[in-house]
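Single-letter residue listing:
Protein chains: 2
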Amino acid sequence: MVSIGVDVMGSEKGLKEAVKGCVKASQKRDIHVVMVGREDEIKEILRKYPKRILKKAKFDIVNATEVIEMTDEPFSAARRKKDSSIMVALDLLKNGEIQGFFSPGNTGAVVISSVLKLGRLDKVSKPALVTVIPSIYGFRTFLDVGASIDLEPRDYLLFAIFGKVFVENVLRKYKVRIGLLNIGEEDYKGPEVLRKARELLKEKLGEEFVGNVEGYQLFLGNVDVVVTDGFTGNVVLKSSEAASKALSSLMKQEITAKWYGFIVGGLMKIALKGFRKKTDVSEYGAATLLGVNGNVFIGHGASSAKSIKSGIVYAAKLSQVNLNQKIDKILSGMGEI
Amino acid sequence: MVSIGVDVMGSEKGLKEAVKGCVKASQKRDIHVVMVGREDEIKEILRKYPKRILKKAKFDIVNATEVIEMTDEPFSAARRKKDSSIMVALDLLKNGEIQGFFSPGNTGAVVISSVLKLGRLDKVSKPALVTVIPSIYGFRTFLDVGASIDLEPRDYLLFAIFGKVFVENVLRKYKVRIGLLNIGEEDYKGPEVLRKARELLKEKLGEEFVGNVEGYQLFLGNVDVVVTDGFTGNVVLKSSEAASKALSSLMKQEITAKWYGFIVGGLMKIALKGFRKKTDVSEYGAATLLGVNGNVFIGHGASSAKSIKSGIVYAAKLSQVNLNQKIDKILSGMGEI
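As given, the protein sequences belong to chains C and U, one line each in that order.
For the record, in the first sequence the residue sitting at position 210 is 267 according to my numbering, with numbers rising by one throughout.
For the record, in the second sequence the residue sitting at position 325 is 382 according to my numbering, with numbers rising by one throughout.
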């Protein structure tokens, strides 16, 4: 049995949706959920659940009186709101009462609170959020998608190592190919910090490092891990998601406007099901925070009950892998970085 | 008649393809092309053209002995290769012998050579490359997509003004809505330079500035101009192009693998034609360099004859608009920036 703490107050879609996701996830074999948030409000929602569902669900509730809102400035919120659902859950994680923590809330606040409460791994200056994206050659590992900005060259090296450990332990692929996101493949391209990072990665990673990769290689190139800073990663992730959505939506408009639309539309729906299966990243229902002392997972702010459920299931799976422990072991064996 | 100089040596697809594009463009009414490059090699290629085609074409050849390769480091190449096709063409532009310059070559080298040869507009520290992208609400103006990195807050303000002038004079849309690309809409988000830029844009642009916009708003949001630095813009542009390509390719694979593939495939092709018309940015066949004293346009490195032709046609159209002159006029009326 693995116990996952959930910040039920953080979701943009509200507490009811979050509780629904928790109850669903806790019905899975071997998953125990600890809902962290305003106890009375959670209990009020649970009162409406049929007994037969609650009977199969395995959960506890831990009270936390404060809520960090999406619009809260992360640094001050993390310091000021000591009894927030995020901080209380991180306490449980630190004390070993839960094995992993999942939040669909304010990313910045979860990152900062995790660093404050759990501490960073030895040798790590900044944590990274890693996610999985579909490409024409299968899944890619992409980081950092929003934890840390203004990196030093050595942060890129550490992120590359994080990515490698992720691919080997989660995607179970070896001989990892790592690329550094830049505006050109040539050595002289990009800002100074990336030119220095490129040198460092070349020196320390050897053949696993393929060099600079351009934006298009994220979805069309042959690399396993793409490393960048949290600003670039976040903007790239959101804009390429939106480009795909816009493309689908424009195609749909065009197709349904035609007389044969209903034929193509119907058949396309069937084909799209297969397509979605291949590219569905909901199996990777959360981004994983790497570089801190503990298993922390962050979901999309506007998570539905279904995505909260898959986020928790994913968190349960990955908490048993203990990526941060594995990274720590590798880093401590590496000498000076 | 508008005269456009073309760097025929710069294309990755070779001189023959570039010459073909020039000949095609010069058959258009009111377009005169000046091919700049190795004269003997250009003439050798032209020798194989039928007379009836050459008769309709309106072009000259200007000799330039040196070539800046795609892999050349832009700064040193611009300084070292004084007789490159880029430098010779920029001389023609400066002397008024051509009204615009189009290059499908090394972007960095064209930008730096343009700054060196033509100079920047008054008050401008860094130039920007502007491009047009399709979104679900029509076309978006996006800059900088690769000219300048490591910006100051005031560069973002200048880029916003460039974008506004572009939308008003090229897309003919007024009441322009300008957004600053960032990782969140809240004021405190992103690196310090963007927090300062946000303040400055708010102060100087008033209602036209909508604030921070996230990556997804590029393709799904309601803004006309999205402003960012050349690193982020380039990576976002290339990755979102690739995301769309990967999506189309994966969908095609899925559809053609099914028994009904040939029906859907055939009908989809027809629908896609209409779709492409709506989203086709080839009408905007080049990126426009803004902030320098002259009309400079940059095409994709791997441009085919067809894209070179549309790049030249676009350059001819925009050279008559003289965007940089219009920007200069606005900036000089603005007082201290």
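Hints were generated in silico from the structure; no laboratory data involved.
Accuracy of the hints is not assured; some may be wrong.
[Claimed, not checked] Here are a few chain C residues that face chain U, going by a calculated C-beta distance under 7 Å:
#	residue
1	GLU126
2	GLU130
3	SER133
4	TYR245
5	PRO248
6	GLY268
7	GLU271
8	PHE288
9	THR289
10	LYS295
Just so you know, even glycine gets a beta-carbon here, dropped at the ideal spot from N, CA and C.
Here is what the structure says about each hint:
{"no.": "1", "hint": "GLU126", "verdict": "violated (11 Å)"}
{"no.": "2", "hint": "GLU130", "verdict": "holds (5 Å)"}
{"no.": "3", "hint": "SER133", "verdict": "violated (9 Å)"}
{"no.": "4", "hint": "TYR245", "verdict": "holds (5 Å)"}
{"no.": "5", "hint": "PRO248", "verdict": "holds (5 Å)"}
{"no.": "6", "hint": "GLY268", "verdict": "violated (13 Å)"}
{"no.": "7", "hint": "GLU271", "verdict": "holds (5 Å)"}
{"no.": "8", "hint": "PHE288", "verdict": "holds (6 Å)"}
{"no.": "9", "hint": "THR289", "verdict": "holds (6 Å)"}
{"no.": "10", "hint": "LYS295", "verdict": "holds (3 Å)"}
This entry does not satisfy hints 1, 3, 6, going by the numbered hints stated previously.
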